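Peer 1: Starting from the given sequences, assemble the full structure and let the hints guide the process.
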Amino acid sequence: MIRRLLYLFFLVLVAILIVTRFTELEDIAATILQADWRFLAVAFAVQLFLLLNNGFYFWTLYNGLGIRERTLRLTLLSSAGFAVGVLTPVAGTTSLAVFVADGRLKGLPSGKITVAGVLSLLYDYLAFLAILALGLIIFFRRNILSARELVPTAILAAMAGGITYFIVVGLRSEVTLGNSLAKMTRLGNRMLKPLLRKEIFKEENAVKFAHETVEGLQELRKKSKLAIILPFVPSFVHKLLLMFILFLVFKAYQAPFSPGTIIAGFGIGYLFVIVSITPAGLGVVEGTFPLALTALGVPLGTAVIITLTYRAVTFWFPFLIGLWSLRRVLKPTRNENPTPSEI
Numbered sequence: 000m001i002r003r004l005l006y007l008f009f010l011v012l013v014a015i016l017i018v019t020r021f022t023e024l025e026d027i028a029a030t031i032l033q034a035d036w037r038f039l040a041v042a043f044a045v046q047l048f049l050l051l052n053n054g055f056y057f058w059t060l061y062n063g064l065g066i067r068e069r070t071l072r073l074t075l076l077s078s079a080g081f082a083v084g085v086l087t088p089v090a091g092t093t094s095l096a097v098f099v100a101d102g103r104l105k106g107l108p109s110g111k112i113t114v115a116g117v118l119s120l121l122y123d124y125l126a127f128l129a130i131l132a133l134g135l136i137i138f139f140r141r142n143i144l145s146a147r148e149l150v151p152t153a154i155l156a157a158m159a160g161g162i163t164y165f166i167v168v169g170l171r172s173e174v175t176l177g178n179s180l181a182k183m184t185r186l187g188n189r190m191l192k193p194l195l196r197k198e199i200f201k202e203e204n205a206v207k208f209a210h211e212t213v214e215g216l217q218e219l220r221k222k223s224k225l226a227i228i229l230p231f232v233p234s235f236v237h238k239l240l241l242m243f244i245l246f247l248v249f250k251a252y253q254a255p256f257s258p259g260t261i262i263a264g265f266g267i268g269y270l271f272v273i274v275s276i277t278p279a280g281l282g283v284v285e286g287t288f289p290l291a292l293t294a295l296g297v298p299l300g301t302a303v304i305i306t307l308t309y310r311a312v313t314f315w316f317p318f319l320i321g322l323w324s325l326r327r328v329l330k331p332t333r334n335e336n337p338t339p340s341e342i
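Residues in the sequence shown are numbered consecutively from 0, following numbering that gives the first Met the number 0.
If you are wondering where the hints come from, they were derived from the structure by calculation, not from laboratory data. Any given hint might turn out to be false.
[To be verified] Derived CB-CB ranges, DEER-like:
| # | residue 1 | residue 2 | range |
| --- | --- | --- | --- |
| 1 | 222 | 44 | 52 to 60 Å |
| 2 | 300 | 67 | 47 to 55 Å |
| 3 | 178 | 282 | 36 to 44 Å |
| 4 | 283 | 224 | 36 to 44 Å |
| 5 | 125 | 299 | 29 to 37 Å |
| 6 | 178 | 157 | 20 to 28 Å |
| 7 | 298 | 41 | 18 to 26 Å |
| 8 | 231 | 323 | 27 to 35 Å |
| 9 | 48 | 167 | 29 to 37 Å |
[Claimed, not checked] Pairs of lysine to any residue residues, derived as SDA-like cross-links and limited to a Cα-Cα distance of at most 20 Å, are as follows:
| # | residue 1 | residue 2 |
| --- | --- | --- |
| 10 | 105 | 186 |
| 11 | 221 | 235 |
| 12 | 238 | 135 |
All values reported here derive from a predicted model rather than from experimental measurement. All C-beta atoms in this analysis are idealised placements derived from N, C-alpha and C, irrespective of residue type, glycine included.
Peer 2: In structure tokens:
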């Protein structure tokens, strides 16, 4: 019953999202009709493979932390997490909540799953920063580098630094991490108590969470170097596939481009997906991506068309799949215990 109510709640949020973005969706539909459908068909197929790659990405993280789960299940969870994160964004925590909630139903430690989520962000940021560096070099060589690119890059670097600090503290001292989380718990209660008239977070839970987190990090430390390096592979593949989709969209409209345009254009577009205050850059990317492509020499009209189509493939299509995945995830499932080798 609760699962059905949750699903109905998310359907209401979907309806609100569609109503508020109706004009954009109309523009996307009209734009796609102008494209060469053969290239777009390949683009959508690549996006499907990208979703499977996301599942394998989380499998490498789970496996490294000693958590047994199937790649297909993790693919569903990551897709569902994306949809939930779009509908109910709270600093990106709602996507992770899908994994944590699923893990609790199976008796898996929340701390380890959270570590997997944190590590997924770190690997993602580091892999992307390497590609973004190439994009910024291209912007610099074309004499079009500005604060519009540098400021969000600095924010992204700070985010990666914060995650790294969290991991280093966890590896060095469980007590220090527990004290830090306890302070955050007290701060959260102090901020929310005037509104809710009660304390929401418990410090003992923070200490338990710190223990599970450190346990997960120590498990990862025991693994071979391959287990630590392996998540970088699907993380880089994820970025390469997104660039390939952008290439296919350019081809679909027969728009002229260079390799530098694809790399730098993708870099700026994905940058605002990460640092935007809206979920997955909704609304922000649609406004900044055409400007970045225009700065790279793409005519404004063509840049807008490419942006709308690219977002249809990489945002709206995965979002719809995420809704379907959410329904599958909310269904009761048997508690299976696959071995780490079951991919």
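Peer 1: Of the numbered hints stated previously, which ones are contradicted by the structure, given in increasing order?
Peer 2: Violated: hints 1, 10 and 11.
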